[in-house]
Structures are given as structure tokens and as C-alpha cells.
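Undergrad: Required output: the full structure, derived from the provided sequences and hints.
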Amino acid sequence: MILVAMLGTSARAFADAKQQVSYIGIHPVAKSDGGGICYIEGPHVHMYEADKLQYRDHRGAQFFVGDPVAYGYDGPKKAYKGHHPIHVELVVGTPEPDVEFCYLDGAHFHSFAPPPGAEFELAGDAYFYVAEPPPIYLDTRPAFVGINAIYTPLVYPRPSITVVAPIGWIGVRAGFGVGGGVAVRGPAIGVVVPGFVVRGPKVKIRAGIDVRVIVPPPPSVRINVGVGIGIGGGVKVKSKRGRR
Amino acid sequence: MKTAIICLVVAACGKDDGSTSEAKPAEPATKQDEPKKAELSAARTAVVDAWKKAGLSATLTSSAGFGKACSAGTIDKLDVVICEYGSADEAKQAEQPGLAWVGSTTGAAWAEGKLVIAVADRKKSDPHGKTINQLMKSTPK
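Which chain is which? The protein sequence lines are A and B, in order.
The first sequence lines up with residues 1 to 244 when you count with our numbering.
The second sequence lines up with residues 1001 to 1141 when you count with our numbering.
Take the hints with a grain of salt, since some may be wrong.
[To be verified] Here are the simulated EDC-like cross-link-like pairs (lysine to aspartate or glutamate), alpha carbons at most 20 Å apart as the crow flies:
hint	chain 1	residue 1	chain 2	residue 2
1	B	K1124	A	E49
2	A	K77	A	E49
3	A	K31	A	E49
4	B	K1130	A	E41
5	B	K1123	B	D1089
6	B	K1137	A	E41
7	B	K1124	A	E41
8	B	K1137	B	D1076
9	B	K1130	A	E96
10	B	K1124	A	D33
11	B	K1141	A	E41
12	B	K1141	A	E89
13	B	K1092	A	E96
14	B	K1137	A	D74
15	A	K78	A	D125
16	B	K1068	B	E1095
17	B	K1141	B	E1112
18	B	K1123	B	D1079
19	A	K31	A	D74
20	B	K1123	B	E1090
21	B	K1141	B	D1049
22	B	K1137	B	E1095
23	B	K1130	A	D33
24	B	K1114	B	D1076
25	B	K1068	B	D1089
26	B	K1130	B	E1090
27	B	K1068	B	E1090
28	A	K77	A	E119
29	B	K1092	A	E41
30	B	K1077	A	D125
31	B	K1123	A	D33
32	A	K18	A	E49
33	B	K1137	A	E89
Just so you know, the hints here were simulated from the structure itself, not pulled from any lab data.
TA: Written as C-alpha cells, this is what we have:
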């Protein structure tokens, strides 16, 4: 129900506004204004509205938390895997701390890198969120995870992350392990997660969360109770065109 | 008759000496609504110089704006106003009038010290905001 409501909001996204709407940072331009990306990094105004899934309020201005590459952004970018916090104040240079969460599943881009520290681990040129998520992450996830319904059908050059996910990555943490885009394959394992346990009868794979279990015929990968998959090691991040 | 011809020739030569009516306008005849020519303070000059240094084509030609001490003109094809206030706080408070000046179009208004700078893309010449971004980033802090 919430998702339907949010999608309804999303469908109204970018409708013409009768009054100025404040933005801060780069963001997609409304189709009514030609589409593409607005590259204004500082505070500015447009005459169209922001949707509730791809934007967060930052001191009264709309801050874009989606993947700008999906809209044609051609500036500097950083690859991320799965959900993670965004320190908005560091991105836009405002004084008050404001941590918002990105709920994009799987590999995606942002125009900014995370702050240095223990929160993120850089593996294969991609950032993985490895800290303990605060309660707000789970509290607000239902309201914002619908962003993936916007991005899943989009065709654009996404980061292709083929790397061993660091220990502690949110994509495999107990209670948080959705949205990681975990691809478990036989010989060609895309993202191999050390200690990731796939349990036969308890596996829950829901559409839209980018969990792909691909088992080629021979050699077979046995997905049984308690199978830990920890093969791999090739660190490679490249851009690939196409759907996730 | 000779005198009359000489007078005509002298008058004609006087007009051809390089001066134009634009360069030296006939005295006053100024309309009340016509904005005064921009008089740039040192602070405003520094901003304009920084924009020019960044490769932007800046022309401030009038004193119209949303404050008392303003300079208005264009940056490339964007409308721009720089207004100067007595303090940084006053300038900060003038951001809102600046946004009102922007009106129903893409734009920005921000305080930079005692100055408030407002830019509006009324001609839709900067659809991706790259010029506005360059302008904002090249403004001296």
C-alpha cells in the first residue's frame, strides 16, 4: 500500500510547480524542462517539483539521492554497492549534519565519495557500507525502498562490480541483507560474499531486490542448508551498459 | 552664401570626427523610469572580474535590482544582479528578495559577504545549469 502510494507520488514527480522549488546539488531536470541533469551544485530554484523517492529534504531544499548517471550525468562519479548513508552536509557544504540513506539496490553511482573513515570500505573501486546501520535506516526504508521501482527498468551504464564484498557489508548483515544485489553463480561468480549462507527452504527471493541466484548446469553449485560461498577474488569494476 | 556653405561643411565635419550620439548622449533628457548606469563598487568589481577571469561574459549596465545599491546586467545570456548591503546579515536576509527577483524561472540568489547575487535563466539558455554553476563557483568567497 505504501509502495503504491509512493509510486503514485513518483508518477507525479516533475510536475510543473506553481511556485519556486528549492534544490541543492545536482539532480535530474524535469522532462517538461528538457530532461537531463542540472549541474548546479549550490542552492537554486526551479519551477518543477521533486518526487519523494529520489529526493530528501535538506534544510528546505531538495537533495537528490538517486543515480545521476541514469539521467545522463557525465561528471566525476563513484560506484557504490547496496544501501548506504549519505552525509549530505559534506556533499553540499552546509554546516548542519544531515545523514540520509540511499536505498538503491545493487551497483549504482553517485557524484560524490563517502567521507573517509570506518563506515565504508573501498573494494575494487566500489564503496561498500560496512558499519552498523542506525535505527533510522530500518525505520525509513519502507518509505524509500520504492526508489528501485524507478531504476530497475532504466537502461544506462551501471557499474559492474565483480569483487569480494567486504565482511560486514550491509548487503549480507543479519536483518539488513536486502538490496545487495548478490549474484551467486557457479564458475562465474559476480559478487562473492564470504560467509554468505544460502539456505534452501528458507531462501526468499523477491522481485525487485536484485538478488540473482544463477546456477548453470555443470558444474553444479549446490545450494543447500548451510552452504557458505566464498570463492573469488578478482577485483574488477567496470561500466557495463544494460539493465541490472 | 559662402559663409552659409562653410558653416554647413564645418557642421558635417564635426559629426564625422568619431563622436557618436551613443558615446556622448545629448544632455539629460533622461526618463524617470530609466535605470541609472551601473556604478560598480570595489566589491562588485571584484566579483565581475572573477567571473570574467573564469571565462564568463559579464556586462553590468544598469543599477536596477532588488536592493538600494545594485548592478544589473547579463552573464552570457543569464540575467544577473549584484546588490550590496551594510552587513553580511543584511545580505543574508536579502536572499529572499533576490529569489523574488528571479521569479518563475530557474535561478539562484545567495549571499556572499555583504553582497547578494541573483541569477535568472529567463531565456532558457542554460538548460543544464552549467553556466550558473560556473558563475556560483567562480564568485570570490
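Undergrad: With reference to the structure, classify each hint as holding or not holding.
TA: Here is how each hint holds up against the structure:
no. : hint               : in the structure
1   : B:K1124 to A:E49   : 18 Å, holds
2   : A:K77 to A:E49     : 25 Å, violated
3   : A:K31 to A:E49     : 11 Å, holds
4   : B:K1130 to A:E41   : 9 Å, holds
5   : B:K1123 to B:D1089 : 31 Å, violated
6   : B:K1137 to A:E41   : 9 Å, holds
7   : B:K1124 to A:E41   : 18 Å, holds
8   : B:K1137 to B:D1076 : 16 Å, holds
9   : B:K1130 to A:E96   : 26 Å, violated
10  : B:K1124 to A:D33   : 9 Å, holds
11  : B:K1141 to A:E41   : 15 Å, holds
12  : B:K1141 to A:E89   : 18 Å, holds
13  : B:K1092 to A:E96   : 17 Å, holds
14  : B:K1137 to A:D74   : 18 Å, holds
15  : A:K78 to A:D125    : 8 Å, holds
16  : B:K1068 to B:E1095 : 14 Å, holds
17  : B:K1141 to B:E1112 : 6 Å, holds
18  : B:K1123 to B:D1079 : 9 Å, holds
19  : A:K31 to A:D74     : 18 Å, holds
20  : B:K1123 to B:E1090 : 30 Å, violated
21  : B:K1141 to B:D1049 : 13 Å, holds
22  : B:K1137 to B:E1095 : 17 Å, holds
23  : B:K1130 to A:D33   : 15 Å, holds
24  : B:K1114 to B:D1076 : 24 Å, violated
25  : B:K1068 to B:D1089 : 16 Å, holds
26  : B:K1130 to B:E1090 : 29 Å, violated
27  : B:K1068 to B:E1090 : 12 Å, holds
28  : A:K77 to A:E119    : 19 Å, holds
29  : B:K1092 to A:E41   : 19 Å, holds
30  : B:K1077 to A:D125  : 40 Å, violated
31  : B:K1123 to A:D33   : 12 Å, holds
32  : A:K18 to A:E49     : 9 Å, holds
33  : B:K1137 to A:E89   : 17 Å, holds
Violated hints, in rising order: 2, 5, 9, 20, 24, 26 and 30; the structure is consistent with all others.
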